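Based on the hints, put chains B and H in the right spot on chain U.
Here the protein sequences line up with chains U, B and H, keeping their order. Take 1 as the starting number for the first sequence in my numbering and just add one per residue. Take 1 as the starting number for the second sequence in my numbering and just add one per residue. Take 1 as the starting number for the third sequence in my numbering and just add one per residue.
Please keep in mind that the hints were generated in silico from the structure rather than gathered at the bench. Accuracy of the hints is not assured; some may be wrong.
Okay, derived cross-link-like pairs now, DSS-like style, lysine-lysine, Cα gap no bigger than 30 Å in a straight line [unchecked claim]: (1) Lys254(B) - Lys133(U); (2) Lys23(H) - Lys122(H); (3) Lys244(B) - Lys163(H); (4) Lys126(U) - Lys244(B); (5) Lys23(H) - Lys13(B); (6) Lys235(U) - Lys206(U); (7) Lys122(H) - Lys254(B); (8) Lys133(U) - Lys244(B).
On a predicted model such as this, the values are computed, not experimentally measured, just so you know.
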Amino acid sequence: MSGYYRWLGLPIEASSYAHSIDYGLLLIHAAMLLIFVLWGIFFAYLLVRYRQRDGVPATRDDERHGWGSLIPDLIVMAFEIALIVFYAIPVWSRIKVDEPMGKVNTIDIVAQQFAWNVHYPGPDGKFGKSDPKLVSFTNPIGLNLKDPAAKDDIVLSDEIHLPVDVPTLFNLSSLDVIHDFAIAAFRVKQDIVPGMMIPVWVTPTKVGTYELFCAQLCGFGHSLMHGRVIVQSQKDYQAWLKSMAPAPSAAAQPANSANSF
Amino acid sequence: MDTSHHNQSWLRKYVFSTDHKTIGLQYMFTALTMLLIGFTFVMVMRWQIAFPDLPIPVLGRWLPARLAPNGVMTGAFYNSLGALHGTIMVFFGIVPLAVGAFGNYIVPLQIGAPDMAFPRLNMLSYWLYFAASIFILSSFFLPGGAAQSGWTSYPPLADFNPGQTAWILAMVIVITSSLLGAINFLTTIINMRAPGMTLWRMPIFVWSEFVASVLLLLAFPPLEAGSVLQLMDRVMHTSFFLPKEVMLFGVLYKGSGGGQPLLWQHLFWFLAHPEVYILVLPPMGIVAEIIANNTRRPPHGYKIIISSMLFIGALSFVVWAHHMFLSGMSPVLANFFLVTTMIISVPSVAILTCLIYSLRGGSIRFNTPMLYALAFLPMFGIGGLTGLPLGLTPTDIYLHDTYYVIGHFHYIVVTGSIIAMFGGLYFWFPKFFGRKMNDTLGKIHFWGSLICMNGVFFPMFITGMAGESRRLWVPTAQVHDLAVQPWNVVGSISAWLLFLFQLPFIYNFFHSLFYGEKTAENPWHATTLDWACPSPPPHGNFAEPVRVYRGPYEYSLPGAKHDWLPQNLESEAAL
Amino acid sequence: MTSEAAVMDVPHVGAGTGVTNAKLGIWLFLASEIMLFSTLFTTYIILRLGSSSWPRGWNVLNVPMGTLNTLVLITSSVTVVMAYAKAVERKRGQFRLFMGLTIALGVAFLIIKGFEWGAHFKAGEFPSSSIFLAAYFTMTGLHALHVIGGLITNSILLVLSEKQWDHPLFVGRVEAAGLYWHFVDIVWIFLFPALYLL
Chain U
1 MSGYYRWLGL PIEASSYAHS IDYGLLLIHA AMLLIFVLWG IFFAYLLVRY RQRDGVPATR
61 DDERHGWGSL IPDLIVMAFE IALIVFYAIP VWSRIKVDEP MGKVNTIDIV AQQFAWNVHY
121 PGPDGKFGKS DPKLVSFTNP IGLNLKDPAA KDDIVLSDEI HLPVDVPTLF NLSSLDVIHD
181 FAIAAFRVKQ DIVPGMMIPV WVTPTKVGTY ELFCAQLCGF GHSLMHGRVI VQSQKDYQAW
241 LKSMAPAPSA AAQPANSANS F
Chain B
1 MDTSHHNQSW LRKYVFSTDH KTIGLQYMFT ALTMLLIGFT FVMVMRWQIA FPDLPIPVLG
61 RWLPARLAPN GVMTGAFYNS LGALHGTIMV FFGIVPLAVG AFGNYIVPLQ IGAPDMAFPR
121 LNMLSYWLYF AASIFILSSF FLPGGAAQSG WTSYPPLADF NPGQTAWILA MVIVITSSLL
181 GAINFLTTII NMRAPGMTLW RMPIFVWSEF VASVLLLLAF PPLEAGSVLQ LMDRVMHTSF
241 FLPKEVMLFG VLYKGSGGGQ PLLWQHLFWF LAHPEVYILV LPPMGIVAEI IANNTRRPPH
301 GYKIIISSML FIGALSFVVW AHHMFLSGMS PVLANFFLVT TMIISVPSVA ILTCLIYSLR
361 GGSIRFNTPM LYALAFLPMF GIGGLTGLPL GLTPTDIYLH DTYYVIGHFH YIVVTGSIIA
421 MFGGLYFWFP KFFGRKMNDT LGKIHFWGSL ICMNGVFFPM FITGMAGESR RLWVPTAQVH
481 DLAVQPWNVV GSISAWLLFL FQLPFIYNFF HSLFYGEKTA ENPWHATTLD WACPSPPPHG
541 NFAEPVRVYR GPYEYSLPGA KHDWLPQNLE SEAAL
Chain H
1 MTSEAAVMDV PHVGAGTGVT NAKLGIWLFL ASEIMLFSTL FTTYIILRLG SSSWPRGWNV
61 LNVPMGTLNT LVLITSSVTV VMAYAKAVER KRGQFRLFMG LTIALGVAFL IIKGFEWGAH
121 FKAGEFPSSS IFLAAYFTMT GLHALHVIGG LITNSILLVL SEKQWDHPLF VGRVEAAGLY
181 WHFVDIVWIF LFPALYLL
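Isolated chain U (complex conformation) (with noise of 0.2 Å):
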C-alpha cells in the first residue's frame, strides 16, 4: 500500500498538496546536504592544515576579518527568507487557512481511545446531532436518533471511504484526550482536541488503500489506533454510500474495537 519516492524514502503521493510538501522537503534535505558537504570539507580542511607541528606557531585573528565571517550567514538567512516567503506561507496558507472550493465532502470525525468513529451525513446532507451523554457501545459517537436528519447517518469505525478527486472537509473532534488525524500518503496531520471542532481538507488523487493512524499520544493504546482510508472512484464511491444502511440502530455496525478491551 505505500510505495517508496526519491531517494527520502516518503510514501506516495495520493493527495492534491502532498507534491508541495514533498518539495519542500526535498528542497530543504538537498540544502542541508550541501550545506552539510561544504562545511564538512572545509572542517577536515582546517584539522589537517592546523594541527599542531613543532616550530609552527598558533596565529591570533586580525581584527579586520571579524564580520567577514558572518557572510555563510547572510547567505544562510537569505536562503530562510525565501523560503519563508515564496513557500512556507503561500503553501501552509493554501492547505491550513483557505478553504477547499466548489462541491465539497464533508465528514465527521469523532476520535476516542482508541478507534476512530466516521461519521457520514448521508443523503439527506445534514449531520445528525449527537449529544456525549448517549455515548454508548452501539452509538460511539451518542448520535440522537430522535434527531430527523439523523435518520439517514452512516456512523463507520475505523474506516473511511473517500471519492477520489473531490475534495473532502473533515470536522475534526474527540471525546476525550487530544488526539491526530494523519495519513502519510495524503500528508495531512492535524490534532484533534476535546472542546473543539477542527476543520481538515484533503483532495485524494489516486485509487487505493491507506492508512489512517493517531500522530498524539493519546494513552496506552496510542500505537493501536489505526484505521483504513479507502479511496474509490467517484462511481464506486456513490455505489458503496447506497449499499450502507442508515442509522447506528437499523442494522449490524462493524465491530467498534474501542469498547472491546
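Here is chains B and H on its own, set in the frame of chain U:
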C-alpha cells in the same frame, strides 16, 4: 582566603557543604547517575521498539506482571518509561550537570570569586534537586505507577492518567531548585567578579551560564504556574484544561468545564523552548573553552559569539509555538512563530561558524577533551540543520510527531550537549581532583560513543521520513512502518553498544579518582582564572586576591616566550 | 576534595554595581515571581475571553471583605516601610513595633480570607464548581501561600532583631523582606479588581 574556620564534622564538610566546589561535585555525581538511569529506561524500551511483543530477556522475568506480563511490557509501562526518560534526561540530568555541576564549580573560579553569592541557598538548591530526584524515581512504586503522558504531560490525558500528581510535585520541587540556583548564578556573575574582570573579559563559558540562568529565572515560572493548574485539575477536580463534555473511557466526566487543553501547551512550551537553549548554551560554552585552549589562540569572534548568545536568549521567548503548529491553534498565528523560528536559527549558525573559524590559524592539539569539542561541531550542525524542515510549517505537517523530531533533538542534546559535557569532564577532571584521566580509555570512550550515538539517532531520520510516529509501543502495528522496522533494530543494537562503551568511561573516572596521574596546577596551560588556583582549589579558591589584567584567551602573543598568558598575571615574568 | 568548614564569607557589595548581593538577589527573585503571577493573570484572561458565560465578580465574591483585605495589606506595606526606617535609624523598639504590626496585619489578612473561603465552602462553592471559582481559589490561594512565606520571613527578622541587630547585613535583610512584602501587596492590588470588581 578565609582562615578563621575550625574543623567541621565529615557531614558538614562533604554532605551538607556550602562550598560551591563540593556542591558542584554533588550535582555532578547525582546528575551522571540520573543520566545513567534515564539511559537504562530507554535501553529497556528499545527492546520493545526493536522486537515488539517479544519477552524482554532477563529483565522480563523480574518485572512484575502489572508492568510486563509474560515479560512483554504493557503499553502503560512503555509510556511510563518514555515519559520518565524524557523528564529525567532534561530536568534531572542535563540541566543539573550543565548548570549545577559545571556552572557551580567553574563559574566562581573563572570570575575570580571565593564562592557563590549565596552559599547556603546553593546548598538548598542541591538538596531540593536531590529530593526531587528520589521522588520522581520512586513514582514507579506508587499505585498506578509512574507518569505516562510524555514529558510534555498534555491534558486531558495528563489530567486523568496515573502517576501525574507525583510528576507535578517532583517538577515543582526541581523548578524551585533551579530558580534559586539561577538567582545565585546571576548575582554571583554580576556582583562578584574580581577587580579587572569586566564583562567583556569574562570567558565564554561564564557568559553561557549567565544567559542560561536568565532563561531559567524567567521561563520556569510559567511552567510552575501551569503545573499548579494541572495539580488543581487532578486533586481539586477543577477544569482549567478540560472542556465541558469530556469523556473518561466512555463515561462522561462531571467537571465544571470551561477550560482549554491548548492553554497547557502554551504554558508548557513557553518554558520548554527556552529550556532547550539552557540545555545547549553551557555545553557550547564548554566547547569554546576547550577549543580556545587546544588551538592556542583566542576564539574567532568573541563578541559575535557573546552577542549571539544574548540574542538567542532574548528571542527564545517568542518561538515556543513552533512546537504547536498543528495543535489546533490558529494557523495564521503559526506564521508569526515560523518567522521568529527562522530568525533564531541565525545566531545559532553564527556561533557555530565562529567556533569552526576558531580552528583557522591554530595549533590544534588532539587530546581527549578536544576530540569531544571537535565532534560537537558537525554533530550540532546535523541537529541544527534537521531543525529546518521542522521549523517550516508545510514540511512540519508531515514530520510532526514522527521519529524525525526525535532524531533532531537527540542530535542536539546527545551528540551535542552530552558530548560537549564529556569533553568538559575530561578537561576539568584535573582541576576537580588533581589527577588526569587515562587518555587511551578516553579515546576508546570517544570513538565508541560517537559511532554508536550516530547509530542510534541517524536511522530516526529515515524512519521519520517514512512517516513512523513517535511514542509507539508497538511500532509494527502501523503498516507503513513495517518496511523501516529494520532501522529500529539498528538503533536498538547501537543503543546497547553505546552503553557498553560507557563502561570504560565509568571505570576510567573512578580509577583515576584514586590512581590517576597527578597533575600540576595548570596541566593544559590555560589562560582563564579557573587554572590560576591549585588543583583542586582550597576553600576560598585563590591564595591571594585576584586581579585581572587582560582578556580570557591571550594565547600565542607575538614575541612571547610561552604560548599562553593567564588573565591574572601582570606580565609573562611571573609565569 | 576541598577542605570545608564554615559558610564562606563572601564580599557583600558588588564592586562594579555598588548594590548588595541581597538587594540584587531579591530583585531577581521578584522578577521570577512577576513571571509566575503574570502567567496566572494571562490564564485568567484567556479563560475568561474563551468562556461563554463568566460571572461578574461582585455576584459571586464578597466585595466588602475583599475591600477590607485590600486596606489591611496596603496598611501593612506602610508599616513595613516604617519598620525598615526604624531599622536604619537604629531604633530597635520601634522596629519591633512596626514589624509586629506588619505581621499582625498579615495574619488578619489570612483570617479574613479564611472567613471568605469558609463561607464559600459552606454554600457549596468549591474550585470544582465553576471555572471562575477555580481561577479565584487558585489565584488567591497561591497569593495566600506567598503571604505565609512573607509572614515567616518577617517573623524570623523580628526574632533575629534580638541577637543580630548589629550584624552588618541585618538592615539589608529587612529591606529585602520589605521589598518582597510590597510585591505580595501589589499582586493583591491586581487580584482584587480582576476577580472581585470586573
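Structure versus earlier hints, numbers of those that do not hold, lowest first = Structure breaks hints 2, 3.
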